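A.B. asks: Chain residues, written in single-letter form:
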Amino acid sequence: MNAQLRDITQANDSPLAVHGLVHGYEGTRVLDGVDLALAPGSVLGLIGRNGAGKSTLIRAMLGLLEPQAGQAQVFGEPALGLSDATKGRLAYVPQQPEALAWLSATQMLDYVGRFYPNWDSGFVKGTLARWDIPASKLLAKLSPGERQRVDLIRALASRPDLLVLDEPAAALDPVARRELLREVALRAGEAGTTVLFSTHIVSDLERVASEVAFLHQGRLLIHCGVDETKERYARLWLPARLAAAAPSGTLSRRHHGDGSLCLVVERDAGGLWPEAAQLGGARLDALGLEDLFVEIAE
Amino acid sequence: MNAAILQAPWRASPRWTRWYMGLILTAATVAAVAIGFFAHRASWPLLAGSALAFGEFFAGMFLLAPGVLLAVDGRQLRIPVLQRAAVAGMALPALVMIGVPTAALGVAGGPVVDIACVLAMAVSSGLLMGLMPRVLCAFIGLLPMMIRTIGMQLHLPEPGEPGFVALALGSVVGTLVLSALCWWRQLRDPEPYRQGWWQPMVLQFRRANRASGWAGLAAGLPDSVQQIRRQPDWLRPMVDLRPAGPRRPRYSLRVALGGMFMPMTVAGRARQLAVAVLPGTLVMAMLLLQAARHRGGGISWALVTDWAGMFAWLGSFIGLLVTLLAVMQLHQHWQKHNAELPLLALLPGLGTPRQVRRELLAASLLPGLGIQSGVLILLLALALRIHLGWMAEAAVLLTQVASMGVLVAFTLSVVGGRPLRGWGAGVCCTVCIVLVSLSLSLSLMDRTAAASHAPWVAALAGAWALFLLVLGWIGRRGWHGLVQRRHPFLANPG
Chain A
1 MNAQLRDITQ ANDSPLAVHG LVHGYEGTRV LDGVDLALAP GSVLGLIGRN GAGKSTLIRA
61 MLGLLEPQAG QAQVFGEPAL GLSDATKGRL AYVPQQPEAL AWLSATQMLD YVGRFYPNWD
121 SGFVKGTLAR WDIPASKLLA KLSPGERQRV DLIRALASRP DLLVLDEPAA ALDPVARREL
181 LREVALRAGE AGTTVLFSTH IVSDLERVAS EVAFLHQGRL LIHCGVDETK ERYARLWLPA
241 RLAAAAPSGT LSRRHHGDGS LCLVVERDAG GLWPEAAQLG GARLDALGLE DLFVEIAE
Chain B
1 MNAAILQAPW RASPRWTRWY MGLILTAATV AAVAIGFFAH RASWPLLAGS ALAFGEFFAG
61 MFLLAPGVLL AVDGRQLRIP VLQRAAVAGM ALPALVMIGV PTAALGVAGG PVVDIACVLA
121 MAVSSGLLMG LMPRVLCAFI GLLPMMIRTI GMQLHLPEPG EPGFVALALG SVVGTLVLSA
181 LCWWRQLRDP EPYRQGWWQP MVLQFRRANR ASGWAGLAAG LPDSVQQIRR QPDWLRPMVD
241 LRPAGPRRPR YSLRVALGGM FMPMTVAGRA RQLAVAVLPG TLVMAMLLLQ AARHRGGGIS
301 WALVTDWAGM FAWLGSFIGL LVTLLAVMQL HQHWQKHNAE LPLLALLPGL GTPRQVRREL
361 LAASLLPGLG IQSGVLILLL ALALRIHLGW MAEAAVLLTQ VASMGVLVAF TLSVVGGRPL
421 RGWGAGVCCT VCIVLVSLSL SLSLMDRTAA ASHAPWVAAL AGAWALFLLV LGWIGRRGWH
481 GLVQRRHPFL ANPG
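Listed in order, the protein sequences are those of chains A and B. With the first letter of the first sequence counted as 1, position 128 gets the number 128 in the UniProt record's numbering; the numbers rise by one all the way through. With the first letter of the second sequence counted as 1, position 260 gets the number 260 in the UniProt record's numbering; the numbers rise by one all the way through.
I should point out that these hints are in silico values taken from the structure, not numbers from a laboratory. Quick caveat: nothing in here was measured; it's all calculated off a predicted structure. Each residue gets a CB set at the ideal place from its N, CA and C atoms; glycine is no exception. Mixed in with the good hints there might be a few duds.
[Claimed, not checked] Residues from chain A shown here face chain B by an in silico Cβ test under 7 Å; the list is partial:
#, residue
1, Leu80
2, Pro94
3, Pro97
4, Glu98
5, Arg114
6, Phe115
7, Trp119
8, Gly281
[Unchecked claim] When the alpha-carbon atoms are kept at most 30 Å apart in a straight line, the in silico DSSO-like pairs for lysine-lysine are as follows:
#, chain 1, residue 1, chain 2, residue 2
9, A, Lys141, B, Lys336
10, A, Lys125, A, Lys137
11, A, Lys230, B, Lys336
12, A, Lys125, A, Lys141
13, B, Lys336, A, Lys137
[Stated by the list, open to error] Chain A is faced by these chain B residues, among others (derived, beta-carbon under 7 Å):
#, residue
14, Ile228
15, Arg236
16, Asp240
17, Leu241
18, Gly258
19, Asn338
20, Ala339
21, Leu343
22, Leu347
23, Gly349
24, Arg486
Pulled out of the complex, with its shape left as it was, chain A reads as follows (with noise of 0.2 Å):
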């Protein structure tokens, strides 16, 4: 089924959704149009260069700025006016969370978790022998990595069923990181949690995520499971003499000194590659995450 078609049948019953959305600042359009949807149970992972507009979707679709244009809705709920029982079915961790930073972590987490009805204060305790956190330690004084997992656990803590995630893993070790992405899959496999994060890191993506979003320069390029990319883009090169039959809507485009075209390509709804890649001469190779989004960005 056609992404955008799906996004939009989607959206009724969808933990979260946007239509149309639109922002910018000081005159820069910073999302253009964005639609999407995500699937009940589904891992999202929102990929796109630094600057393509990541953290503004996500707060947008959060409620967290008011879009010049556009709807966002939390379960149903307008993302502006959530109710109370939707905030408690939710979790966001921002970017370099700094929230609360005169509070220990273990003052954090109480603090916080007297507003949620499903707050896990055993997993709070294990959790944070588990990672090592000084939890009598202020927040302010922690390393951006122990701050960032503190915040994990805040958001893991209520139980969420929908878990929003802006660049989590970008102050965690390897190690760390490896352990986040294993209590995500776990969430997302055992408790049926949605996942939306978002990262630049394509192999994280590749681990835990079932479906892909890209967004580059405010629009969503792609937006499909991660195991179709493969199955259904491609990169096409034409020789200098075949340029002029190279397909108008692709992804990407790109000349090279010889006249060559380097495009990047989608199956139609058939199912069929554009027919310049039957050409005599035309070459089709296969992409991998990492190299779509390289092609794609770049």
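Place chain B on chain A using the hints.
C.D. replies: Showing chain B alone in chain A's frame:
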């Protein structure tokens, strides 16, 4: 080379500093010229020199003192000659700032040595103010009344009187030695760009000048994370979390706002108060004791009456400081996307948007208003006890109410998503400080002198009315913004 060195302080200053300094120096020059035209006393050149000294004090602080930053950069980047050039770029303009006006006023018949001394004192104390640790600036609010009181009680010679030149030269040498020590200390500091209460004021200016308006003022203050990182462990805030939770949203919001809004345990509050108040109280006690000894008696109501002006200044200064701290802290909160705002926006149990709005306003306004009300009650009680007169009582009331008004208006503007930008915030704060200073100075004169200034009093009352109207407009605009927001925890654009 010399021309370039002369221009260095100006060219190395950020745009906003140039604007402020341009305005202050122009105002000082205009005042000096006006004194020349309109003052009929023979001592007018000295008066004109004093007017210029006012401007040059700020030039010393905002234009010359930042030379240390250039020297630090030169040392850190291992650029040869730059440290010496920074010293020359400070000394040469200082000599010009003293020499040119002195020569001009000397030609007009003024006492050259006295004028040069006044200007040198202004420039050197401005320089020292910029170079000394921020923590000492807590006493700036006391300075005007302290100098006046001490001067009167110790019968210090004034410009034109015998002994003034010796005193002035001593003071200039003293301030220059202290400035050199501060300069050297900063240059040798292993972390010279670190912000902190013991770091020089000029570092504060560098941060504050990166932006304008509240953003600029707030940038000058380290944010909550930076502040706590720098604090020693024994000073860590001892928050009282026991009542926090969905049943006490206002209390919980105060915990989330942190800083001066945060509810602390009794021990924690006492410790912080001791750190904040003890040094000031000690200085005040020492000065009072010295004055009492000089007066030939103990601490009495008569002595307190002498010092009424100092107390009024101090109270107004505390009121303004509370306002500035509260508003800047809120401004910092409402600019961060990764701190308390997203947490609060998604925290269940705080109530309906209407309730959240009400509780948030209470949480952000009541702590500041509480302190200001306490100060107001103390000052009014004191004023009534020593029969200060209706004008002084009105001034004390008005200045504290103005601080409260600024707090309410600017809090609404920040949480309502409509903070003043650019010049607005700076102009408002400056106008408030000027009005407070003028009101206190005028009202604390003796009654006969005050009566002869009736037109000034009327003009001041008009200025106050206008200022309060502007505050009303800012507050109303913020309130409308707050009501229109879908929820109050939306970050303001940077």
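A.B. asks: Each hint: holds or not?
C.D. replies: Outcome of the hint check:
| no. | hint | result |
| --- | --- | --- |
| 1 | Leu80 | 4 Å, holds |
| 2 | Pro94 | 4 Å, holds |
| 3 | Pro97 | 6 Å, holds |
| 4 | Glu98 | 4 Å, holds |
| 5 | Arg114 | 4 Å, holds |
| 6 | Phe115 | 4 Å, holds |
| 7 | Trp119 | 11 Å, violated |
| 8 | Gly281 | 50 Å, violated |
| 9 | Lys141/A <-> Lys336/B | 19 Å, holds |
| 10 | Lys125/A <-> Lys137/A | 15 Å, holds |
| 11 | Lys230/A <-> Lys336/B | 39 Å, violated |
| 12 | Lys125/A <-> Lys141/A | 20 Å, holds |
| 13 | Lys336/B <-> Lys137/A | 23 Å, holds |
| 14 | Ile228 | 4 Å, holds |
| 15 | Arg236 | 6 Å, holds |
| 16 | Asp240 | 11 Å, violated |
| 17 | Leu241 | 6 Å, holds |
| 18 | Gly258 | 5 Å, holds |
| 19 | Asn338 | 4 Å, holds |
| 20 | Ala339 | 4 Å, holds |
| 21 | Leu343 | 5 Å, holds |
| 22 | Leu347 | 5 Å, holds |
| 23 | Gly349 | 4 Å, holds |
| 24 | Arg486 | 4 Å, holds |
Taken one by one, the earlier hints fail for this structure at numbers 7, 8, 11, 16, listed in ascending order.
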